[in-house]
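Each chain sits in its own coordinate frame; assemble them with the hints.
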Amino acid sequence: MKIPLKYNLRSLWVRRTGTLMTGLGIGLTVAVLLTMIALVNGLVSTFVSTGQATDVMVMRKGSASEPNSWFGRDIYQELRLLPAVARDEGGEPLAVGEIIVVINHPRLNGDSSNVMVRGTSERGLVMRPEVGLVEGRMFRKGVRELIASRSLSRRFQDMALGDTLPIAANEWTIVGIFEAGNTAYSSELWGDYDEIAQVWNRPIYSSVTLRAQSPEDVDAIITAAEEDRRFQLDGMRQKEYFQIQTASAVGIITLGLFVAIMMGIGSSFAAMNMMYATIMARFPEIGTLRALGFKRRSILFSFVVEAIVLALIGGVLGCILAIPIQVYAWMTGPMGSMNFITFSEAVFNFRITPFIMALGMVFSLVVGIFGGFFPAFRAARLKLIDVLRD
Amino acid sequence: MKYLRLLLKSVFRNSLRSVLTVSGIAAALFLIATLLTVLDTLTNPPETPDSALRLISRHKISLMNALPTNYLEKIQGVEGVDSAYGSMWFGGVYDYKGVDQYLGMFAVSTEDFFRVNPDIELPEEQKEAWLADRSTALVGAKTADRFGWKLGDTVHFKSNLFPVSVELKIAALYEGGADQGGGVYFHWEYFNQAMQNNGIMGTFSIRAESAQAVPLVAERIDSLFNNTTQPTKTETEKAFMLGFVEMMGNVQLLIGSICLAVIFAVVLIAANTMAMSIRERVREIGVLKALGFQSRHVLGLLVSESLLLALVGALLGSWGAKFVMGAIDMVTLSGGMIQSLDVNTVVLATCACIGAAIGLLAAGVPAGRAARRPVLDSLRHV
Chain E
304 MKIPLKYNLR SLWVRRTGTL MTGLGIGLTV AVLLTMIALV NGLVSTFVST GQATDVMVMR
364 KGSASEPNSW FGRDIYQELR LLPAVARDEG GEPLAVGEII VVINHPRLNG DSSNVMVRGT
424 SERGLVMRPE VGLVEGRMFR KGVRELIASR SLSRRFQDMA LGDTLPIAAN EWTIVGIFEA
484 GNTAYSSELW GDYDEIAQVW NRPIYSSVTL RAQSPEDVDA IITAAEEDRR FQLDGMRQKE
544 YFQIQTASAV GIITLGLFVA IMMGIGSSFA AMNMMYATIM ARFPEIGTLR ALGFKRRSIL
604 FSFVVEAIVL ALIGGVLGCI LAIPIQVYAW MTGPMGSMNF ITFSEAVFNF RITPFIMALG
664 MVFSLVVGIF GGFFPAFRAA RLKLIDVLRD
Chain Z
16 MKYLRLLLKS VFRNSLRSVL TVSGIAAALF LIATLLTVLD TLTNPPETPD SALRLISRHK
76 ISLMNALPTN YLEKIQGVEG VDSAYGSMWF GGVYDYKGVD QYLGMFAVST EDFFRVNPDI
136 ELPEEQKEAW LADRSTALVG AKTADRFGWK LGDTVHFKSN LFPVSVELKI AALYEGGADQ
196 GGGVYFHWEY FNQAMQNNGI MGTFSIRAES AQAVPLVAER IDSLFNNTTQ PTKTETEKAF
256 MLGFVEMMGN VQLLIGSICL AVIFAVVLIA ANTMAMSIRE RVREIGVLKA LGFQSRHVLG
316 LLVSESLLLA LVGALLGSWG AKFVMGAIDM VTLSGGMIQS LDVNTVVLAT CACIGAAIGL
376 LAAGVPAGRA ARRPVLDSLR HV
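As given, the protein sequences belong to chains E and Z, one line each in that order.
Going by my numbering, the first sequence opens with residue 304, and the numbers climb by one from there.
Going by my numbering, the second sequence opens with residue 16, and the numbers climb by one from there.
Just chain Z, with the same shape it has in the complex (with noise of 0.2 Å):
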């Protein structure tokens, strides 16, 4: 700590360049903070106790095959199921000031949908609303924020699936749930009205009874229709989620190697940078170890300014990333698709051992071979 006063100094002593190489960093680590949240956000999508017990069932062949609606009642009457209820993807398309925005839209058996869903929070009389009147809409609030509706405004929603567009009045707002108030569900009797009877389910979705019956549940419903024509794959809400950004293909190995060639990149930057900041005092060094430093001492101290401008970097990056992802509308941004990104502890605390790695090897060699120089040898170096 006594050395606390020269480190600082050193740090100071080109304030321009230690402000640049600080910079550097920081843009560097910015961007790394960004790509494992990212990253994160995809593949670990956030599991409560509720969204644990929930799971999904779909044809077998693949999402875009319908189901027939009778399997609900089958489904309900299984082994360990607390309840379900069915939906459909609508394809909604709303016309927002001339251009097409898709919507996570769902035409839904209303009758467990709380049961199924209990972290929806809504106001209990605009759940009772939605719940009595068929021509209405359940609005996610970051949606409605996004489209500007209110409740009771009534909102025209096209589909790119079905030969039908729905007329609806928004009789609740919520929040919470598994897509985290970025849906719209309306009746499923609605929809199949507008569809002339002819309305189809896509997938089941599930409560199971206990954490225990999960697995056991996906089983029996799976052995239930397996010798039908219509098959079904039954899985977690979790497992469910991962098969989307799987089909995305290797975003992981993509997002990791990129990380990796800018910490490399960055790396060689501040190596650089230090070996230059050596380089020009090499007398100075010489001094100190004539004054009696030791050479532990002299490479303890070069080793820690660069740790210490690595860390500062590191630290402002990836805040400046927490900060930044908060204030801006991710909803908006990505259409829709990520509802936020929220820079996590982790994310922070491995971004710091990065800033961290960065600075040991960035000072290592030139510092080690300053710290090595025979004094005689730096005090004549001009």
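With the rest of the complex left out, here is chain E (with noise of 0.2 Å):
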């Protein structure tokens, strides 16, 4: 027989003062928590959201990412003119040709950081739909002009539409603000390539973007572009490359990770404390439900059910609490961090999702059968003949 849950809440309401700072205590362990995984969760869907499924990025062999790659240019005119590229209403192939270089630039706080520059063409924008220009105009050719995601203007200096970006002994325009959602391009200026190119004297592309015909083609491109033993290139699917980079969590992750180990057995404890003292305050409670023919294992079942009850009261209002860091986020713009693989600015958004919450819902219902189970244990072990004699 089930002792019925009211019973639980009601003893949990009795010593409210102490279901409300154990609640409290797990609720900011569990905001905390939150917090983090926003963090990683921010940081990994950007890159996991950037990308073709069609397209293939063709590389310098052994270079993980853009910024450490770089070949001739002739090899550019091969690849784009395979048979597996698709082509556009003009006949012309699907495929660009971009340069990237970094530029370490002061945020609006002061810190410095590394910034992509991409040096690419019209085509760079018609090949990814994802990124629009919402403000100002595109970059002119042959000009020292450059577009810059929202993202990056919010948080750089000198990167706000019209203002002049020092680059060296050069001057760039920031002449159109682009979006690119929830993308990897969210954290890049772009430019005319010719003109990059010439300005950092590097006569090199950095990766050649082709667009497969059909999903099948893809392969055939990959195949075809690291067999030509005359260049030593990497062919990779696009999407495949940004999921590489979300590597770059692996930071916060471990720290998230970390955090909540230590931070779950703290609020164990907590939660061990509390069930100890209710129990071994209601001693003659238990006796009595079990004189009454309640079993051990409704006992033990009971108690733990109060503890998850109590730590679940703590997940609610971590959730309630970490309402205000995401509203914080909102108002102060985008993070960001540095991504290991490109060695620059990786902008991201903070997003604590409903997924989150319920993760944060889980964590709190461990720590409530953690810390439930041990009390209620002893609870159901307890003795009838001394428990009513008491």
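A few chain E residues facing chain Z, derived, Cβ under 7 Å: (1) M324; (2) T325; (3) L331; (4) G365; (5) P370; (6) N407; (7) D414; (8) S415; (9) M565; (10) G569; (11) A573; (12) N576; (13) G639.
These are computed hints drawn from the structure, not numbers from a lab.
Note that CB positions come from ideal geometry on N, CA and C, so glycine has one too.
Next comes the structure, spelled out in structure tokens:
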């Protein structure tokens, strides 16, 4: 026979100050955890949602990222004419060769970081439908003009529309702002390929992006690019390239795991303390329950449930506490951290989703089970005769 | 002191609860000690007399732009410069048991290398052996340990930056230096040869003649190249390292907020425990007061009890962190990013203060209430 849940709820209500304080303690833990998961989620989802399924990126063999890659310009002509490459209405191959350079520039708060600059052409915009110009105009060919992502313009100095961005001895004008949604392109400045290659004195390509005619042709392009022994090249699905960069989140993940484990242990002890105290104060009650015919396992179950309810109250409080953190993140704009693969700033959005909140509730559930089991076990093992004599 | 026995009796009155409270506080302080140490290691790289004299010069645009190799001679000629060498980040990759491991690997011009880095420690004959043979490597003892390399081994290094790979014989093992025995160095001439004499230099490491000369040297070097197409940015080694931390974004804010939230959670939990423990003792407290103890005595006893528990928890947590950080292999765990974590005295003291604050805050309200309660009321309490 089961002990009604109402019994546990009433017991928690009688000790409401203690319940609330333990709940808040667990709640703070959950809020910290939600924040960490939201950071990881923001960073990872940015990379996962970047790239087109039919696009292939070709880079120099062994280079893990575009800024590390460079090869001669002649290769581009051969790559774009591969038979598996799709063509537009005018019969031109859907391919773009680009150069990536990295500049070190101060953020609005004065700290400096590296920012990727993509030297591209009109074609780069056509091939990336996720990128759209929202303010100003496109950069012109042969001029020192750049367009900046909205995220960068809100995070770095000299990157707002109309600003002059000094790079070494040269001055570049920000003539447009683009939005790239929740993708890695939100961390880039774009400019004219020829102008950038010339100013940096690097007549090379960092990557060539090719669109396959169909998903089946993707492998054909990769093989063709890699097979050519004259050039040492790697072909990679564009989606895969960006997925590898989720490795940048590994630092936050390690930190988050460590915090979660240590705080999980601490919170479990708190719940345990609370449960031991309430059980010891209730020996006569437990004896009465046993005398009424409730089984030991019913009592065990009932007290574990009580601990779970206590912890879940904490979970709910944690989710509520996380809301102002999310509001603060909205107000301050995008966050950024270093992408270890490209060695430059990765801008991402801090976002607490219902799924993340559910994870927080699962965490508090685990705290409740762990914190409740031993006290409940103790209660269930009480000898009826001892308790009633007390 | 004469109340010590009474204090201990109260602590052990419900030893299970005391153990749980102490463990909870210890877990939290373990976390805080570790986080503070990580923060300290990142933002305060150890500074020695040698490292304070070192400057690093890079391309003004960013570290990912190379500089002309002839800058080395020009820099060596700058007033106030004791010595300088050029180095290039090789993007070294080592295939360890089928998994690519990234190394802090540099191709360096060897002439002034040890003059700029006198804090790199190695036996004289190994130094000679490395300098004499272009196809050899100088490897940090920690890195060698990590991959099980011995003197005389030949190791194959790939690069994720250059289209070359190099085979190097390990001629010398070192300890100390700016990277504390965590790097790999080889001859720039060898790298240049592998690159078909197309080699480049990314940074120049410079030793200034004196501490006073450091800022002047930085200024002189930068103004020397300011009007060229390849301007430089020269800063102290420490500022250069801190640049990487800056790039990571708001690490300080993140870690600081976590610590604050943890402290707040622990105060709540400990206060609740104290409140529970005091509630059970209302009668006892009434008896003490009936015996002639005054409110401040009672308050003192209760607060000391809470302080004792919190301090024991804090000590266990922070020293536990010190012990664990010392025992685990940080290099492998962090993939070579962090050489070692040492929970220093400042962190230990901070943790003790946090523990004391937790004890005081937790006991304040419930103990005050218990101490003020009228004797008759307490004695009547069931």
